[in-house]
Amino acid sequence: MNNPSEFFDELSGFGETPRAPYADYCGWFDRQNEAQLRKKAKEAEVFFRRTGITFNVYGQQEATERLIPFDVVPRIISGREWSRLTKGIEQRVRAINAFLHDIYHRQEIVRAGRVPVELIAQNEAFLPQMIGVSPPGGIYTHIVGTDIVRTGEDEFYVLEDNARTPSGVSYMLENRETMLQMFPELFSRVPVREVSDYPKMLRRSLSACAPEACEGKPVVAVLTPGIHNSAYFEHSFLADQMGVELVEGHDLRLVDGRIAMRTTQGYTPIDVLYRRIDDDYLDPLNFNPTSMLGVPGIMDAYRAGKITIANAPGTGIADDKAIYSYMPEIVEFYTGEKAILKNVPTWRCSEPDALAYVLEHLPELVVKEVHGSGGYGMLVGPAANKREIAAFADKLRSKPSNYIAQPTLSLSTVPVMTKAGLAPRHVDLRPFVLVSPNKIEITPGGLTRVAMKAGSLVVNSSQGGGTKDTWVLDE
Amino acid sequence: MRVKIRHTTEYAYNGQVPYGLQQLRMIPKTSAGQTILSWETRVEGGSKEVTFTDQHNNHVELISLNPETRSISIHCEGEVDTADTVGVIGQHGGYAPLWYFLRSTSHTKAGPHVRALVKAVGKDYESDTTRLHALSAQILSQVPYATGTTDFSTLAEEALESANGVCQDHAHIFISAARLMGYPARYVSGYLVMNDRVEQEAGHAWAEAHVAGLGWVGFDVSNGVSPDERYVRVATGLDYSEAAPVSGIIFGGHSESMTVHLQVQQ
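Chains as they are written, first to last, in the working numbering: chain A, 34 to 508; chain B, 4 to 269.
Think of the hints as simulated: they come from the structure by calculation, not from any bench.
A few of these clues could be false.
Just a few of them, taken from the derived set where beta-carbon distance is under 7 Å, the chain A residues facing chain B [as the list claims (entries may be wrong)]:
no., residue
1, Pro161
2, Ile164
3, Leu287
4, Gly290
5, Leu318
6, Pro329
7, Ala334
8, Lys339
Just so you know, even glycine gets a beta-carbon here, dropped at the ideal spot from N, CA and C.
Next comes chain A alone, as it looks inside the complex (with noise of 0.2 Å):
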C-alpha cells in the first residue's frame, strides 16, 4: 500500500509509509483479500440503490437518475489536525455573519475602504429586501458547507464558503451508514467520531433561531421545490431524519399573520423554515413573479419578524466568488484577528491587469463564474485543449467581470479501490456548519468528495465526481 506521488497524499504523505492517522486502518486493511473488498465495494452500490440516493445531472439529454460513486477506502483526518480546522471554519463563519449584517446595514467595511463600493453595488447577490432587515437571533447563515482542500502536512485552504443552500450532507450520513453496515469491526478498531446525531443538532440549531413570534416548541419544516429538485432526495431525507414536515410552496400560505402549512388539523403556523429553494424564487409577491415554487407575501411575514428563514434571503453576498477574493480582509476586520484558513490566491478579471494575466496563462489556471456552482462553466486550464481554451478565452474577453481565475492548486489525494488495486485520486472536504445565536457546530467529518477519474482536479458530482465516507479520530 504505497504511493510516491508528487501530490501530497493523505495516506502516505510524500513518502511510503501510512502517515500516524491511517495507521489502524492499514493494519486492518493489509489483512483483507482485495478480490474480497471488491465485492464488498458492489454491495455498497446495491445498498445505495436500495436507500434511493440518486441525484439529477442537469444538461444531459436524458434526466436520468444516476448513483454518484461510493468508494470503500475512508478518507482519515486526525483529532489535531481536526481541531485546527474546525477553528479556522469557526472563525470564518462568525465573520461571514457579521459581514452579512454591515452589509445590510451600516456598511461599515466599505466606509473603511476595505471592500471597494462596486463589489456590493453592482452585485447581484445583493439583495435590497434584506437591507435594514435583522433576522431572528441576529444569524444570517444558519447552515454553512466550507468547502477545503489540502495541499500538504499543514497546508488547508477553503475554495468556497457556501453560505445560500449547501448540499451533501445526506451523503456524509448515508456513507457512514454504509461502512459501519459493510464493515462493522473497523469501527471497533479504529476510535472514529459519529456523524449519526447530524439530523438532531440541525433541528435544535434550527429551532434555537425560532422568530419571537413563535409560542412553544418551535415548528420547523423543509421547503423544497419538489421531486424534479436534483436534491430533492435529501430535502425528503433531511425532513425526515429530523421528524419534521417537508412542504412545497403550495402546502403554505398566510394565515392570521403568520406562514402557515396545511395539515389535516387545518393550518399550522411554521417558526423556522429550511428552504431547499433559491432567494429569486422564494416569494413571487416580492421576487420573481413567475415563480410557482415559492410562497407569496414570506419576505413580508419574515421582514415582520413572523418566521425564520434558514438560510436567510440575500446570503449569496458573502459566498460570491469575487467576495471570495476579499475574505482575509473581511475576516480581519470582523474577528480582529488574522485568518486561521488560508484563501487560494484569486485573480478578479474585472480588474484590466489580472485580465491581461489570466489571459496569457490560461493553460495553467482555473478559471470559474463569479456566481457559478457544482462545476458548471468553469475551465481547468491543464485539462483543456487547445480549442477549449481559445473558445473560453471569447467568452472571458466578453464578460470579464463574470469571471475569477486561480492557478491549479496540487489537490491531496486519498486511495480509492479500483479493478487493479488501490491508485490516488485528488479529494476536496466539505464540512457542515451550523450556527445558531450561542454556537457553533461542525459536525466532525463531511462529505468528501473524490475526482474518479486519474489525474482530474474535478471532483463535483455532476462532473463524476464520486464520495468517500470521512472519518475524524478521537484522540
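Guided by the hints, dock chain B onto chain A, whose structure is given.
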C-alpha cells in the same frame, strides 16, 4: 397646511378568489415638513396579515383576501400637517446606501431617448438644482401631460418616445435622466391638494434627486415646481414598482376591475 385625505380603492373580481394578497404602501411617511396627525386603514373583504418597514422606510401593510371573496375595498383616511420646505427633504437617512439610488430598473432604464434628453439639457449650470429644474422643464416640453396614452407598465424610454405621459411617466423619465447625470434619484408616490377640486381620479407622483449639500430635493415635473405644503409624501422607491400604493398577487385566474374614490382637501 392641514391636509385631509379620504382614499378608497376597490377591486372587483369576476369570480370567487380562492387566495390572494395585496401589499399596501399607503401610510404617509413622517418626513421634513410633514407630520401625520391621524391615519387609519380599513379593509373590507380582506384582513391585515402583517406590517413592516421596507428598505425605503415605507410603512407596508400586507392584507389577505377573505376566502372566496368577489371584491375587496381598502379605505384610508387621515390628516397630515404640512409645511413648505421648497422641495428640500434633507440629508439621506436609513440603511439603503446612496449608490442604491443610482441603480437603473426596468421602468427607468436609460436608452437613446433619455441619453438625447440628458445631452439636450447639458451641463453648464450654476448649481445642481438649476440643472435639475432645467431637466424637469425640458421633460415637460417634450412630454406634455396627457392621460390615456400610457399606463403603469410604461417605461421611461417609451413615454419619451410617445411624447405623451402622466405624472408617473414624468417621474420615471426624470429619475432615469438624473441617474444618468450621476444624481441618486427616487420615485415618490403621494397626494397633492388641488386648488380647483376636492375629488380626484388618482394619487400623484413625482421624483426626488440627491444633490451635494442639500440632500434630497423633490421635483414635480408635471406641475413644473418643487413640492410645497400642498404635497403629502407617502412612499418612495427606485421606481413605481417599489412605491406603488397597491401591489398584489391573486390566485384563481379571474379578471379584476379597480375603482378609486379620492378626496384631498384642506
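Hint by hint, where does the structure go against what was stated? Just the numbers, ascending. Of the numbered hints, all hold.
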